[in-house]
Amino acid sequence: MILRRLAPVLLFAAVLFLMQWFSGRGLTALPFLTVAVFLAVVLLGRWIPWQSLGARVRPGSRLFSLVLFLHITRHFVSILGQETTRVLQARALCLRRRWGPGAFRSLAWALAGILGRSLVRAERFYAAQLLRGLGE
Amino acid sequence: MKPVLEVAGLCCRLGSRTVLRNIGFSLGEGQAVALVGANGAGKSTLLWAILGLLPSDGEVRIFGRPRSRDGLARLGVVFQNPEDQLFMPSLEQDLTLPLLNRGEAPGPAREKALEALEAVGLAGYAGTPAQRLSLGQRKRAAIASVLVSSPSLLILDEPTAELDPRSVRQLTALLNRLPVARLIASHHLEFLQATTTRALLLSEGAIAADGPSGSVLGDEGLLAGAGLI
Ligand SMILES: Nc1ncnc2c1ncn2[C@@H]1O[C@H](COP(=O)(O)OP(=O)(O)OP(=O)(O)O)[C@@H](O)[C@H]1O
Ligand SMILES: [Mg+2]
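Going down the list, the protein sequences come from chains A and B.
Take the first sequence: its position 101, counting from 1, is numbered 88 in our numbering, and each next residue is one higher.
To get our numbering, take the position in the second sequence, counting from 1, and add 111.
Hints should not be assumed to be uniformly reliable.
Okay, the calculated beta carbon distance ranges per label pair [said to hold, decoys possible]:
(1) B/S127 x A/L117: 29 to 37 Å
(2) A/R49 x B/A234: 55 to 63 Å
(3) A/V44 x B/G325: 54 to 62 Å
Stretches of chain B that chain A covers, calculated by requiring three or more beta carbons in the stretch to come under 8 Å of a beta carbon on chain A [unchecked claim]:
(4) 173 to 186
(5) 190 to 201
(6) 210 to 216
These are computed hints drawn from the structure, not numbers from a lab.
Cβ coordinates follow ideal geometry from the N, Cα and C atoms, glycine included.
Generate coordinates for the entire structure from the input sequences, incorporating the hints supplied.
Shown next as structure tokens:
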């Protein structure tokens, strides 16, 4: 399960890594940081008592912004995870032969599509929060 | 009538909630069955459990055999969310993928894809990626993408949710032309009346009624008891 969810993040990190590699300007820790942050959020997601977290913090305080940020991040990670799972399952259902023609191409397009959709989601989500008066 | 789908003693827990309780039914060749229930009754969960996409207890047999990759590939599944199954750079490639994967030649595969797009009113959109379509058009494309491989059992989750009245009428006519067995989850009662002959009523994760569509879908007391109307 967690491996499936990790797939788009790993792809993103790998693309980042390759881009840095080929640009010849030296590597940074960013790709590794991406994966590390993702894992940290997933683990935190298991341990933090999310339900009660918001209720205890005073709106407007520094801590409130942090809690809000954590909630939004968690929201995103869970959406990304669910969408990844569903897309990969839909792809598996239509392939009679796991490694047959089109298998790699469709995997690449499916993962690329997830990245695209998560960007669209992020924009839509941000717009919705703006309308509600949250955000800057 | 040979059974195409048999479900027995199916139970599913998600987190700490029991979402499906002891579901049992079977579906014969060419049968058209409605899966009806209120929001949250467990329709989607049941479909997912049948497909093996969610952990569940109980027995599921597809075409008389335990679930397998080959069996699943003979199903045509339309998810509630069409974006999940259209990810290639054009509709044509989305539709030809399953055909090419099982070894068909590109020429005939392309022909079938164009035919399926035409059947759902999307002729002329073969080169378009799904992201550039409206939600209803995407849903129709998703339906075309499963019809193209001539499935032996259609599983549709809320096929009419985003469709305008004319598209609903076209889909009704299209489904009624196909002799293939189908299980349609929806709360669009009129559509179910027109496209199915038998209905399973799901209420809080259990089957509350199983009978002819006409009588189950027309029984207001029954539907009200299931929280549907
Ligand atoms: N990941 C989950 N964890 C716990 N409960 C869940 C989860 N996903 C769904 N449920 C619960 O399972 C129940 C059935 O959900 P399901 O999506 O199958 O309903 P549905 O009949 O398809 O509804 P709709 O008509 O809205 O599509 C709901 O009550 C929902 O709260
Ligand atoms: Mg549903």
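Consistency of the hints with the structure:
Taking 29 to 37 Å as the suggested C-beta distance range, the pair B/S127 and A/L117 conforms, at roughly 35 Å. Judged by the Cβ atoms, the range 55 to 63 Å given for A/R49 and B/A234 holds: they are separated by roughly 57 Å. Range check, A/V44 to B/G325: about 56 Å between beta-carbon atoms, so the 54 to 62 Å window is met. Taking a C-beta to C-beta cut-off of 8 Å, the stretch 173 to 186 of chain B contributes 5 residues in contact with chain A, enough for the three needed, and the coverage statement holds.
With 8 residues having a Cβ less than 8 Å from any Cβ of chain A, the stretch 190 to 201 of chain B passes the three-residue criterion, so the hint holds. Interface restraint, the stretch 210 to 216 of chain B with chain A: holds (4 residues with C-beta to C-beta distance below 8 Å; minimum three).
In this structure, none of the earlier numbered hints is contradicted; all agree with it.
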